[in-house]
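Residues per chain, in single letters:
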Amino acid sequence: MKALSRLAPVFAAALAVTAIAVPVASAATRPAPASPAHRPGPSAGPAVFVMNDGTAANAVAAYHRAADGRLTLAGTYYTRGLGGVLSGSAVDHTASEGSLTYDRAHGLLFAVNAGSARPAR
Amino acid sequence: MTFSPDGRALLVTAKAATNAVDVFAVHPDGALSVAPTVNTLAGDVPFAVAFDQNGDALVSEAGPNAVATFTLGSHGVLTQLAVADTGQMATCWIVRDGRYFYASNAGSGSVSGYSVGSSGGLTARGVATTDAGTVDAAAAGHGRFLYVQTGKSVVVDEFAVGGGGSLTEIGSVTVAGVVGGEGITAG
Chain A
1 MKALSRLAPV
11 FAAALAVTAI
21 AVPVASAATR
31 PAPASPAHRP
41 GPSAGPAVFV
51 MNDGTAANAV
61 AAYHRAADGR
71 LTLAGTYYTR
81 GLGGVLSGSA
91 VDHTASEGSL
101 TYDRAHGLLF
111 AVNAGSARPA
121 R
Chain B
1 MTFSPDGRAL
11 LVTAKAATNA
21 VDVFAVHPDG
31 ALSVAPTVNT
41 LAGDVPFAVA
51 FDQNGDALVS
61 EAGPNAVATF
71 TLGSHGVLTQ
81 LAVADTGQMA
91 TCWIVRDGRY
101 FYASNAGSGS
111 VSGYSVGSSG
121 GLTARGVATT
131 DAGTVDAAAA
141 GHGRFLYVQT
151 GKSVVVDEFA
161 VGGGGSLTEI
171 GSVTVAGVVG
181 GEGITAG
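Keeping their order, the protein sequence lines are chains A and B.
Just so it is clear: in the first sequence, position 72 is 72 by this note's numbering, and no numbers are missing.
Just so it is clear: in the second sequence, position 187 is 187 by this note's numbering, and no numbers are missing.
Calculated from the structure, these hints are not laboratory results.
The structure presented is a predicted model; accordingly, all values stated were derived computationally and were not measured.
Ideal placement from N, C-alpha and C gives every residue a C-beta, glycine not left out.
A couple of the hints might just be wrong.
What the hints assert, rightly or not - Chain B regions said to be covered by chain A (calculated; three or more residues, Cβ under 8 Å):
id : segment
1  : 137 to 147
2  : 162 to 174
As the list claims (entries may be wrong) - Okay, the calculated beta carbon distance ranges per label pair:
id : chain 1 : residue 1 : chain 2 : residue 2 : range
3  : A       : Ser87     : B       : Met89     : 14 to 24 Å
4  : B       : Ala17     : A       : Thr55     : 17 to 27 Å
5  : B       : His27     : A       : His106    : 16 to 26 Å
6  : A       : Ser87     : B       : Ala176    : 17 to 27 Å
7  : B       : Arg96     : A       : His106    : 20 to 30 Å
8  : B       : Ala124    : A       : Ala56     : 36 to 46 Å
9  : B       : Gly143    : A       : His106    : 15 to 25 Å
What the hints assert, rightly or not - Computed far set for chain A versus chain B, every beta-carbon distance over 10 Å:
id : residue
10 : Ser87
11 : Gly88
12 : His106
With these hints in hand, go ahead and build the complete structure from the sequences.
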């Protein structure tokens, strides 16, 4: 397993981004490693990734997508950053779209750590 | 933030701060223009942007709870083509799933579907109920599936996209260990 962590510029004072390497066409298959970057097995198939925006430890859950569209948890990956909660928000804690973005060409997930004051390492 | 399909423009929604969509030019080396073209949409609270097959922008507007289509001019000027009210509350996110677009209504726990004609006209494709606190969504399977993140109970609702853009829920998963959650994408 090779760790690939690439940091992107900070968008705002209290916003940071982590990049997580994933195979181009596979889901994560290892359980909850405490690292921001992992290269899982190559044969898990299509995936859906969900960020929890956790304020104690931001993490991305990777789900295997079956042929019928149903999801099964395959692994959880910490970003080593913190999620954030906007003051007064009810369910939309970061008021943003695309805070978790997949770069298909490079096999990278970019995750915003809204509660981190500096990029995660 | 959303890049235009040709990568030459970056659109930033300022939401309630200025009610504007700021459009930056993207230079060949990746640098942005020093200042954006500011497209003010008074009172509309532009929240998110998706592009259609013609290169027109769909903007979800949380002020009037609507979806609007715009052409993107060469100098970053947005010109509105059409608008459709969702009839829902807190229309914030919008995502393209093949031929259809789905706007998330955070205040209603629902997703509104649309298709776009060649001239930017919007056709409603129905409203699907989600768990409470509808936020971001992700398309997958070449337009066959839509996954909708909900922030109230931290559930991701799974939908199959049917003929005409209808959504049929096929399941859901709960993201463990958190009280909210935001950010979803498909590989």
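(request) Determine which of the earlier numbered hints do not hold for this structure and return their numbers in increasing order. (result) No hint contradicted; all consistent.
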